[in-house]
Amino acid sequence: MLAFILRRILQSIAVLVAVGLVSFSLFRYVGDPINAMVGQDTTMEEREQLREKLGLNDAAPIQFLRFIGNAARGNFGLSYRTSEPVGRLILERVPATLELSFCAAVFVLFVGVPMGVYTGLYPRHWSSRLLQAVSLIGISLPTFLIGILLILVFAVMLHWLPSFGRGETVRIGWWTTNFLTWSGLKALILPAITLGLFQLTLIMRLVRSEMLEVMRTDYIKFARARGLTNRAINFGHALKNTLVPVITVAGLQLGSLIAFAVVTETVFAWPGVGQLFIQSVQFSDIPVMAAYLLLIGLFFVLINLIVDLLYFAVDPRLRSQGGSARVAGH
Amino acid sequence: MTTPSNNPPLLEVKNLRVEFPTRRGTLLAVDDISFDIAPGEVLGMVGESGAGKSLTGNAIIGLLEPPGCIAGGEIRLEGRRIDNLPYEEMRKVRGARIGAIFQDPLTSLNPLYSIGRQLVETIQTHLPLSAAQARTRALDLLKEVGIPGAETRIDHYPHQFSGGMRQRVVIALALCAGPRLIVADEPTTALDVSIQAQIIALLKRLCREHGTAVMLVTHDMGVIAETADRVAVMYAGRIAEVGPVRDVVKHAKHPYTKGLMGSIPSLGVRTERLTQIDGAMPRLTEIPEGCAFNPRCTERGTRCLVERPDLMAAGTSRAACWLHDRGGVGAPLMAQRSGGETVDA
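Going down the list, the protein sequences come from chains A and B.
Note that the first sequence covers residues 1 to 330 in my numbering.
Note that the second sequence covers residues 1 to 345 in my numbering.
Hints listed in this document are in silico derivations from the structure and should not be mistaken for laboratory results.
Treat the hints with care, since some could be wrong.
What follows is a list of derived Cβ distance ranges for each label pair [as the list claims (entries may be wrong)]:
1. B:S162 - A:R319: 14 to 22 Å
2. B:E78 - A:Q132: 41 to 49 Å
3. A:F102 - B:S162: 56 to 64 Å
4. A:W126 - B:E209: 47 to 55 Å
5. B:T22 - A:V153: 26 to 34 Å
6. B:P66 - A:V314: 47 to 55 Å
So, partial list: chain A residues that the calculated Cβ filter (under 7 Å) puts toward chain B [as the list claims (entries may be wrong)]:
7. D218
8. G255
9. F312
10. A313
Even for Gly, the Cβ is constructed at its ideal location relative to N, Cα and C.
Bound-form chain B, shown alone:
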């Protein structure tokens, strides 16, 4: 595992805030998050829908959909600040330094162009290669991502490929110009389970071989556990916990992460019922004072209602929870909702 402290980080995100101005006021969708990705590292980003993980990914590649915008903080790639680059400068970073993979391979490819043309076009946009050289490179990439019969398949159109094959093409497209970082936004969600594993294995192998770092955005904890070096758990626009994947999975420090892990069925351990976290993530307009998780938290105290915890050291990980502060959570409180954690039969 790569330890970020040894090398200068490839990607630094500092105090990033993403806002959505709406008619009824500004929504803070990503609230002051900071993390690093080391060269070659796979950082998993998990959380429920609406936790802000995809937005963080989009902010990094500079493709937030309006009216969403970066309202504060900074993003640095290889030491260079990229969040405030003009569109044309950022365009040269996208594809060349940062690749992206989106959720749905069925719709990520332009249906009217052959995959070869899409590859060649991307390669020639970023690398000074002739058409013939670009085509050779495209062919190599297709072979590398495991498209059988690449020589003939290169001239085929997206509709002639199955979903899994298309996602391989998408990966080839993301790797075209040899980026240092790939932002993969739910790359396997739209695929069926047997193909998910293949795609994840492929992504992992390619990135190891190319030394490419990955920010893997997903809500699938299983994918993270298999693939990532470190994991960041997001909740209501903030990072709840970040740490080495093994520690977070086995010894979660934040009550939210504990709930998440408890809700995943595991082989071997016989459980009558899985843990469930009561309630739902608050809407962006109704994020409570103090810790955003406090209405659903089983371990909350008076301090959680008024003071917001930042990430703090908790064993090998860092968690945004007062449990890990010397001051503690304050006087214990019952969770607002009846019951709370394990609903055992």
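In isolation and in its complexed conformation, chain A is listed as follows:
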């Protein structure tokens, strides 16, 4: 078990170094940052000085090692656009994105899984068919369109919810949170639904097909023959057996909720890292883009690590493989 975790952590570090290489190559191949930083009338000498100061004249491997070393310490250099430290820029924006993604994930899991269970248990019921049909819409409509439609209905026509921004936030240390004010909570609703809807339909369909599969198994029939209650069978025996694939997909989805918050943040003018990234792309603010890439890589790696550990919690068959318990002969 411990060996497994260590191995996983080493793999995670390797993945992060690879992501680092990609984000580093941004510096080398996406235009000349000096041009973006200086005015038309800057002399060649001044440009050369700046180049030297930023370390752009060193050999590529040295620059890469320096980049990785700095990144590991949370130092991503200065933004070309605002000349602020990139680390601070991102840190200011991260709470907004994480809270939005968290709400979307809660929405996905707490609505999607029960919907999947329901449609899996009663596949022929008209309401299941309706949910299936509606979920098709969720899958086929693009995120920005859903966001705009929601804004049109709930903000423009009904005036129930705000159409942009985070509303009032409360500062706790460096973290700003939406959860402690009424307007902050209201501001979360539409973006979270927009961000989560696609994933929700995916989770629902996955849980549904897994449930259908599990309900046909012998151990479910035997559980019925033992006279267990429906509740114990459906939510204990059946749901737990659908969890391994669901956890896998849910983990990946949580990662992409964070990564693809870009579109939702743009539609709702949500001041998160996604929006920061879009702005940085427009200004080819490479340090911010590179740091964003690394950050998303880090989230994915962390989530996958947690998913791997959850497998162990769910499935005893994995636990015993490296462990002490052995399959006993007859």
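Keeping the supplied structure of chain A fixed, place chain B upon it in accordance with the hints.
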């Protein structure tokens, strides 16, 4: 041997019909069968695949898979009618009054729960016991079914047990709440031969000790001969013959049973070739008029083509064959297929 006439039967099945509505009409998979099981009795149920024996078992525990449904007749357990109980009522009967054992022990247990948890959960569903008491009972059951080192094994997961051990756990699960009847659907088919005998011996011993009746569904005549008190032979959804196991094995009354018995190799008797019954059991859509066995029967007569025999007394057994009716089979006919019974060299 228990004679059903002395005691009121534990299980009464009367004119049971199981239907499968399909697009091309309704299939009658179990056609009007009746039998009793006395308390503590082991009734063997044999027949080819598709004869309806498993369906009968599933109908008794109330777990017919849709679209299959009971279309007629009644099932009584201890005098109480159970075939028309609402789901929740029947759930309380299952596990508590009727236990079930299925064919494949490898897949009967939930892989994600320890066997102790599955036992405790079943016990607590049916008996008013605390968690600790339920665990003690679970431990006792595991010891009783012969799991070595039950104290540690109780917290193990199904994949840590071999097939035979898992079937023992399944038996413990079926016995959890002290049922009066166990429906064992091919309990040994998935096990290898040396373990089959152990499991059968175990099942037999436990049921004798607990006074539990067993409906043993199998296609293995050897298992029946060893274990059962009485045997019912099913053919194409009907009971062809039912009687004390010794009489049915030694002196089969129905031509189908005779064919079945002739097809089993026996030690001591040297036979060049075993008997074979020509043809195959008819599909449910093509059951012939009259006796369902008539196209394959070597002793058929004109009457067999038009009139369906019900079970009638034939010595100590009862057989559904006109041979045992005073009227007889009518004018003799050759079997449709060439030859027929023994294909001796």
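### Message
Hint compliance check: list the failing hint numbers for this structure, sorted ascending.
### Response
Failing hints, ascending: 3, 5, 6, 8, 9 and 10.
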